[in-house]
Each structure stands twice: as structure tokens, then as C-alpha cells.
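Colleague: Here is what each chain is made of, one letter per residue.
2 protein chains.
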Amino acid sequence: MSKPTPLSGFPEWLPPQRAIEQYVVDRIRSTFELYGFAPLETRAVEPLDQLLRKGETSKEVYVLRRLQAAEDASDESLGLHFDLTVPFARYVLENAGKLTFPFRRYQIQKVWRGERPQEGRYREFLQADIDIVDRDTLPFHYEAEIPLVIGDALGALPIPQIRIQVNNRKVCEGFYRGLGLTDPEAALRAVDKLDKIGPDKVAELLIETAGATDSQAKACLRLAEISAPDTSFDAAVRALGVEHPLLDEGLDELVRVMEAAAEHAPGLCVAELKIARGLDYYTGTVYETQLVGFERFGSICSGGRYDNLASTGNERFPGVGISIGVSRLLGLLFGADALSVSRPVPTCVLVALPTEEQRAACDRTAAALRRRGIATEVSPSAAKYGKQIRFAERRGIPYVWFPGSDGAHDTVKDIRSGDQVDADAATWTPPAADLRQQVTGG
Amino acid sequence: MSKPTPLSGFPEWLPPQRAIEQYVVDRIRSTFELYGFAPLETRAVEPLDQLLRKGETSKEVYVLRRLQAAEDASDESLGLHFDLTVPFARYVLENAGKLTFPFRRYQIQKVWRGERPQEGRYREFLQADIDIVDRDTLPFHYEAEIPLVIGDALGALPIPQIRIQVNNRKVCEGFYRGLGLTDPEAALRAVDKLDKIGPDKVAELLIETAGATDSQAKACLRLAEISAPDTSFDAAVRALGVEHPLLDEGLDELVRVMEAAAEHAPGLCVAELKIARGLDYYTGTVYETQLVGFERFGSICSGGRYDNLASTGNERFPGVGISIGVSRLLGLLFGADALSVSRPVPTCVLVALPTEEQRAACDRTAAALRRRGIATEVSPSAAKYGKQIRFAERRGIPYVWFPGSDGAHDTVKDIRSGDQVDADAATWTPPAADLRQQVTGG
Numbered sequence: 004m005s006k007p008t009p010l011s012g013f014p015e016w017l018p019p020q021r022a023i024e025q026y027v028v029d030r031i032r033s034t035f036e037l038y039g040f041a042p043l044e045t046r047a048v049e050p051l052d053q054l055l056r057k058g059e060t061s062k063e064v065y066v067l068r069r070l071q072a073a074e075d076a077s078d079e080s081l082g083l084h085f086d087l088t089v090p091f092a093r094y095v096l097e098n099a100g101k102l103t104f105p106f107r108r109y110q111i112q113k114v115w116r117g118e119r120p121q122e123g124r125y126r127e128f129l130q131a132d133i134d135i136v137d138r139d140t141l142p143f144h145y146e147a148e149i150p151l152v153i154g155d156a157l158g159a160l161p162i163p164q165i166r167i168q169v170n171n172r173k174v175c176e177g178f179y180r181g182l183g184l185t186d187p188e189a190a191l192r193a194v195d196k197l198d199k200i201g202p203d204k205v206a207e208l209l210i211e212t213a214g215a216t217d218s219q220a221k222a223c224l225r226l227a228e229i230s231a232p233d234t235s236f237d238a239a240v241r242a243l244g245v246e247h248p249l250l251d252e253g254l255d256e257l258v259r260v261m262e263a264a265a266e267h268a269p270g271l272c273v274a275e276l277k278i279a280r281g282l283d284y285y286t287g288t289v290y291e292t293q294l295v296g297f298e299r300f301g302s303i304c305s306g307g308r309y310d311n312l313a314s315t316g317n318e319r320f321p322g323v324g325i326s327i328g329v330s331r332l333l334g335l336l337f338g339a340d341a342l343s344v345s346r347p348v349p350t351c352v353l354v355a356l357p358t359e360e361q362r363a364a365c366d367r368t369a370a371a372l373r374r375r376g377i378a379t380e381v382s383p384s385a386a387k388y389g390k391q392i393r394f395a396e397r398r399g400i401p402y403v404w405f406p407g408s409d410g411a412h413d414t415v416k417d418i419r420s421g422d423q424v425d426a427d428a429a430t431w432t433p434p435a436a437d438l439r440q441q442v443t444g445g
Numbered sequence: 004m005s006k007p008t009p010l011s012g013f014p015e016w017l018p019p020q021r022a023i024e025q026y027v028v029d030r031i032r033s034t035f036e037l038y039g040f041a042p043l044e045t046r047a048v049e050p051l052d053q054l055l056r057k058g059e060t061s062k063e064v065y066v067l068r069r070l071q072a073a074e075d076a077s078d079e080s081l082g083l084h085f086d087l088t089v090p091f092a093r094y095v096l097e098n099a100g101k102l103t104f105p106f107r108r109y110q111i112q113k114v115w116r117g118e119r120p121q122e123g124r125y126r127e128f129l130q131a132d133i134d135i136v137d138r139d140t141l142p143f144h145y146e147a148e149i150p151l152v153i154g155d156a157l158g159a160l161p162i163p164q165i166r167i168q169v170n171n172r173k174v175c176e177g178f179y180r181g182l183g184l185t186d187p188e189a190a191l192r193a194v195d196k197l198d199k200i201g202p203d204k205v206a207e208l209l210i211e212t213a214g215a216t217d218s219q220a221k222a223c224l225r226l227a228e229i230s231a232p233d234t235s236f237d238a239a240v241r242a243l244g245v246e247h248p249l250l251d252e253g254l255d256e257l258v259r260v261m262e263a264a265a266e267h268a269p270g271l272c273v274a275e276l277k278i279a280r281g282l283d284y285y286t287g288t289v290y291e292t293q294l295v296g297f298e299r300f301g302s303i304c305s306g307g308r309y310d311n312l313a314s315t316g317n318e319r320f321p322g323v324g325i326s327i328g329v330s331r332l333l334g335l336l337f338g339a340d341a342l343s344v345s346r347p348v349p350t351c352v353l354v355a356l357p358t359e360e361q362r363a364a365c366d367r368t369a370a371a372l373r374r375r376g377i378a379t380e381v382s383p384s385a386a387k388y389g390k391q392i393r394f395a396e397r398r399g400i401p402y403v404w405f406p407g408s409d410g411a412h413d414t415v416k417d418i419r420s421g422d423q424v425d426a427d428a429a430t431w432t433p434p435a436a437d438l439r440q441q442v443t444g445g
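Protein chains in written order, with the working numbering: chain A, 4 to 445; chain B, 4 to 445.
Only chain A is shown next, with the shape it has when bound in the complex (with noise of 0.2 Å):
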């Protein structure tokens, strides 16, 4: 066959980027799992009605067909998921007698878009999301812990500094309801638009498709400046002179997010009053991530509480959770050379061959080595000992094991400083920072 190339939109990672990502998932995985979130994963597929509920993300969906024609049609009608809440809301419908709620639940997979490729959106890209839902209905403390996860998990990593932009849907609804407005939806699909067209062609949009007069339109746009790293949003909001229950309730669980924040992480949130999320299921606290000094990329990482996901005629269960796009900031990281890790392999020793026949006795070495948790090759060949360092230098191994001959010692090599000594497998240890790979920032 002649030699193949990328597939567009379908990012692929080579040895060391692959490592890394390990590693970020892996630290993600940990903290989720600190906060009780229990790891699920769900098929790559859902039936097309179900993906379709959502009218706006039709045109992303990839359908399956059956190469040959099937015997039975039970694998009919089918597309891969192209997020993980959708699939989950499912999930929790179906399997609702044999959970206990509320129900934490982790789950990192790829999902697919039928998307245009561009730098940091793909067309295969893997998610990291959690949610919590209960039965019936879903306390609120739950809309300011969710925050608290994200900055954690993230925090831990080697990357720039987060920064979660909060709002709450109840806020821009009530705020539209007081001012008079009909079409709060409508409101706030144009307010969404803000950082893509600017304020005049939001004015104009209010005007249009929501039916503002002129000064609503400015009420809006005003509400929207507002942003603040502490609750003083609240006092800002309120001297705009808009009143309605709704904005009222709003205001009191947007200020409980960001005192919860400021004593859990200074500096974590901020409330930004334009954010609004596109997607039309949220209903309270909405989220949005940018990375300090990254703003450009736009959000890492979003998500929101949700009352209506998952329903059927006689039972509810809200919900609020968040996704982090981790293909997406790996993506632009590794764009900006941002993400560095120690070695592109996990092994931390390689055993030397002197000769072949000795390859039973080195292989006994390695053994040794591992049972107690280093990670170790064997040399491929009985090539000179020169010529092994070099293979150990490229794959990026720091130590070499070499085996004493005629009754001398072992001894290890750190062969980035040449230090030798002697050594047995049964007790020799690398320095903690030499056992694994290790992923640093820039």
C-alpha cells in the first residue's frame, strides 16, 4: 500500500503527546473520583430520534449503515453521539430503578461532530464530563460545588491558570421578563452572539427577532458588561432598576456560587453576565472556562444545570453537570508548545545484553525490577554496549542496567549524567522523579 495520511478533523497523537494526554486524563479521573463520581461509560451509539431531539446539532450527526445488508434491522437507524449529556440523560432514563440518587457519575469518551475541521474543533474529540442528578429535583448547593471539581482537577494539571465565567439563566430570564420583554429565548440566543458580531448587531437582533424597543435593547446590553470577581455584580445588576422574582432568584444563587468559590478558590470564578450558552436546555447556573493568557481558544470547558434532559411522562430528573473539552485544550496547548513530558516511554531501566545466550538471566533482571514497580526493557540485541546506550538514549530510558560478569556486581547508569554504580535488582530505586514520566508545563 502507499503511505497513508492524516484524516482531516481526526487528530491522532504521536508517543509522547499520547503520554501526556494519559497523564491529564488520569489526574482528571483521580479528582473526579475524590468527589465521589463514579466512572460510567456509555455505547459510541444512540438511535437517531434520540440524538435528534435537539433540532439545532442534526447537521453534525454521523449515521452507521451495515456494509452488506443485515439479517435482522436492530443496528438500523443509528449515529454516534456527539456528546455525552445526551447519552447520559439516556442512560439514567433506563437504567433510573437501578441507581441511587442523586447520581454522581464521570465519564471521559470520544465523541464525533460532522463539523468543518479548524484549529481546536475536531471532527473525533474526547470530552471529560460530570453531572450529578437527583429524582424529582436537585438541590442548588450542587450548582456552586461543580465549579469547586473543575478547579481542582484542572488546577492540578500543568497548565495555565483557569478562569470559570458564571452566570445563571434566571438572571437574563427575569431580567428580559422585567423589562417587559415576551421572548426571553430569543433574548438571549441574540445576547449569546455578543463576542462574535459585537453590541449594534446585538441591538439590532433584539430588536428583530425579540422584539425589544430601542432602550430594552440598551437594558440588555448593559446587563450584559456586567462582570465582576467577587458578588458585587449583584449591587450592579439591581441599580439597572429591573425587578421580577425570577432576576431576584437568580441574583441570590449566582452570588451563592461565587461565595462558595471565593472561599473554596480565590480567584477561580468570575460572574460574566453575558455568558449564556447556546444550547437551549440549561436552566440555572450556565459555565464557561477560559484558560489566563488563552483567551483567544474560548472555553475549555462548559456546562450548566439542566431540569428538562431527562424526562419521561412520569418522572424528572434534573441535573447539573460540565464537560471538559480535552482534545480541544490539548490541541491548542501542544499548538503552543505548552505541554512537556520527561520521556515518550514509560520504561525507566534498560537491561544491557552482553551476548544473546544471556538473554534468559537479563529478562530474570528485569523481572525483578518490575515486581517492585520500575518499568524495564531488555535490550533488543546483543549489539556493543555503545551502540545499546544509544538505543536507550533515543527511546528516552534514563537508566541502563548493565549485568557483572565473572561474579562482579551489576551496576545501573544514569546516561544522562554518566553516573554509575552498583546495584541490585532486588533493592535498587530511581529517584521518585525518574519511576514515571512526568508532564510539565511550557
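Be a bit skeptical, because a hint or two may be false.
It does not matter which identical chain is meant; a pair holds if it fits inside one copy or across any two.
[As the list claims (entries may be wrong)] Result set (EDC-like, lysine to aspartate or glutamate): computed pairs, CA atoms no more than 20 Å apart in a straight line: (1) K390 - E207; (2) K6 - D310; (3) K113 - D29; (4) K101 - E396; (5) K113 - E44; (6) K101 - E15; (7) K6 - D137; (8) K113 - E15; (9) K113 - D86; (10) K221 - D195; (11) K6 - D52.
Rather than coming from a laboratory, the hints here were simulated on the basis of the structure.
All figures in this text were calculated on a predicted structure; none of them were measured in a lab.
Given chain A's structure and the hints, the job is docking chain B onto it.
Modeller: Below, chain B alone, put in the same frame as chain A:
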């Protein structure tokens, strides 16, 4: 919407099962890394022509199409991969200039096959593969290493003992050629059906499709009957009186595989000369793996040596690899109730909530425990303590933490034994067995 129902062939685990799967995958990964295999992932899709290179599997492929007409055609003619070997071979060719050889990688991903679902056979399932590939030539000793890695990886799990059945394609081909058969591949395909259709039907097939005489067919069956837990198969084959240089080479290699296994892991491997592996691309050692006591399940881990999977006009990358059928293994063991987890959630401690006003203080306690690696949740509500304890019981959380009131010490209660002791969130540590979920057999 109405209550959703499961999709045949697309298994999804409940939280306790998923916890077991996660544990199993983590252990397998950890062993792979101890042997210096680097993590890798490939995209889920391959160009159809790549997937259809082996005609046999064409019926199994799921093809993608965009739901709506595309602006560009760059994602036309893509299918979901049906194994991890074909994508890996493509990855090696595509990135050869950026890899160091011999290249060792592991890959744990879902694969898809449009087959009719049945017990232990899925349309979407998880595989865990290792492969070692080299440029131009691959030293034989890697064929002896692969079963040792699997022995360690699966041996570290609380599952029934495994037995790796080993054979060598050169033994079969050399034997068939030594007998005078001119189409050894047809003979191999016939013998491959031995367990399914029995020796009489295989003899008929050998005569019909491989041009064998009656006595040649009998000789082929006698070879296939040979099975030995040690290197005694060598004499048994030579006693059949067939000679061919390729047979000698194959027997020598199979002896070396069995010797390495006997030294490293007595009882792990058995030479089983009927093992053929249907796939055309194997050229040397082949492996299948049985669970002792569950032989009826068939092979849960298979692979072999291949020489021609990754090659372009001027480059060739021979390799050897093996694939653990993780979903298949777990599905069968779940069906036999042969695995259990100590609790379905990661959470070790539930912090009880005296009143909603004390949530911030309880969050601080939880944060202190998490900082020391103890997975902790705060109670969903300030219900009566009895109700909060029952919530912990339902979730399987072993410890409930009670904030001290009026200057009294905090206490922590093991709700299984009822033992309750004074505790400080900065120092208290649960027994090691309770810190994380434990997976056990039976």
C-alpha cells in the same frame, strides 16, 4: 420521551460493573507499562479501502455517512475500525519517521463489528492490545515475550487462571509442505475448523479444498492432536516422520517460546498444535487463551506474529501482538457472577450535615480529607442523621463523618461495624482496604 430500551450487541455496564471494568483496565495498563509499552490511541475511523484489504471482514464494517450533505467530502468513505491491529499498522506506516524501533505500544479502545449479537459476542466492545514492531526485521525473542506480558497482566487480576495455547504457523506450513501438500493455507483453514466441525469433516475438507490424499489428511489430523505442557511436542511431531526446513525452524521457535514460559511462569503456556488462527496475516507464533474452568467461553486473548501487515513499496514493519477481549472477558465473568466490587462508588467518607448553614464547614472537612487522597462527599441534605446514614448505606459508602458540636471533637463511624471514634480531618486515615474500591473474584 418514553423509557428507552437497551440496544442488542451494544453492552453498557451498571456502576458496579463499570467500576470493575475500570479496575481491570487499570491493572492491565499498569502491567503493559512495566514492560515498556507506551500508550497509544488511533482514531475510531479508517478509510474503507484500508478496512477492506482483507475481504473476509467486509461484512462486519459499519460505514459512516453525514446526516446532511457535506460542504466538503473529506469524511466520505470512512468506516469504524473492527480491530486495533489494522489501524496500528496504518499508524506505523504514517508516522514511521517519528517513531523509534522496535516500537512497543499498547492500545485500549472500543472496536465495532456489525455481527449478529450472541453470548460474549458484541457489536461494540473493548480490546486491550500490545504489539511490538520493528523496521525490516523483528527478532524472534519478542514472540517469546508476548505471552509473559499477558501472563503477568491477567495473572494480576482476580479472575480464573489462564492458559495460553501456543502454536507456530511455520510448524503447520512446514509439515504440510513436507507431506507434499501444495496449498498449505487451504489446509490451515480446514484444520482451523477442527473444534467446530470435528475430525471427520476436517478430513473431508482437507481432501476437497487442499487436495490432500486420505493418508495426508490423516497425518494433518495427527499433527493437530498434539498438545503438550512442555517441549515434548517436539519429539511427538518428529515421530510423525515428516521433514521440511520450515518445520524445523517452526519447532525450534516453539521450543524457545515454551522454554521461556516454563522459566518465567510455569503452567502458563501449552503447545497446542491445532491452533491455527483464521486470519491470513500470521506468519510465526500464534496465541489463543483459555480461562481454566471456562474453556467453553473460547479464547479471550489471541494474536500472533505477522510480517506483511505494515508495508509500503520500500518499507516493511514486521510485528507480533496480542489482544485481550476485555468486554468479552468481563461479559462472560459478569454472567457467571465471578467478579465483585467492595462498593459501587469511589466515595470512602460521607460528611454528615447537621444543618444546611454548616455546609461550608462540612465542605472544608471534605476538602481536608480529599487533599490526603480520601474520596469524600458531603451529605445531599441536612436530613436526620439516621436518614443520612441510610443514604451512605445505599451508596455503599463505609464511613460517615460527624462534625463535633459545641467544641466537641469530630467523630467518624464505620457504619458496617458501628464503631465510632474521635477523628481529625487533617490526620485520620481509613484502613488501606477501605481507601479504594476493591475488586475480588467470586
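Colleague: Using 20 Å as the alpha carbon limit, work out where K6 and D52 are close: within a copy, between copies, both or neither.
Modeller: between (39 Å within a copy, 13 Å between copies)
Colleague: At most 20 Å between alpha carbons: which applies to K113 and E15, within, between, both or neither?
Modeller: Both. Shortest intra-copy (12 Å) and inter-copy (16 Å) distances satisfy the 20 Å Cα cut-off.
Colleague: My question is about K113 and D86: at a cut-off of 20 Å on alpha-carbon distance, are they close within one copy, between copies, both, or neither?
Modeller: both (8 Å within a copy, 17 Å between copies)
Colleague: Evaluate K221 and D195 at a C-alpha cut-off of 20 Å and name the case that applies: within, between, both or neither.
Modeller: For K221 and D195, only the intra-copy Cα distance (15 Å) is at most 20 Å; the inter-copy one is 77 Å.
Colleague: At most 20 Å between C-alpha atoms: does K101 with E15 qualify within a copy, between copies, both, or neither?
Modeller: Between. Shortest inter-copy distance 13 Å satisfies the 20 Å Cα cut-off; intra-copy 37 Å does not.
Colleague: Since the copies are identical, ignore which copy is meant and state whether K101 and E396 lie within 20 Å (CA to CA) inside a copy, between copies, both or neither.
Modeller: Between copies, since 15 Å is at most 20 Å while 53 Å is not.
Colleague: Go through the copies and call it for K6 and D310: within, between, both or neither, with a Cα cutoff of 20 Å.
Modeller: between (50 Å within a copy, 17 Å between copies)
Colleague: Between K113 and D29, at a C-alpha cutoff of 20 Å, which is it: within one copy, between copies, both, or neither?
Modeller: both (15 Å within a copy, 18 Å between copies)
Colleague: Check K390 against E207 for me: Cα-Cα at most 20 Å, and say if that holds within a copy, between copies, both or neither.
Modeller: neither (71 Å within a copy, 54 Å between copies)
Colleague: Cα distance capped at 20 Å. Does K6 pair with D137 within a copy, between copies, both, or neither?
Modeller: between (52 Å within a copy, 17 Å between copies)
Colleague: I want to check one pair: K113 and E44. Are their C-alpha atoms no more than 20 Å apart within a copy, between two copies, both, or neither?
Modeller: both (10 Å within a copy, 11 Å between copies)
Hint check: a violation occurs at hint 1 only; the rest are consistent with the structure.
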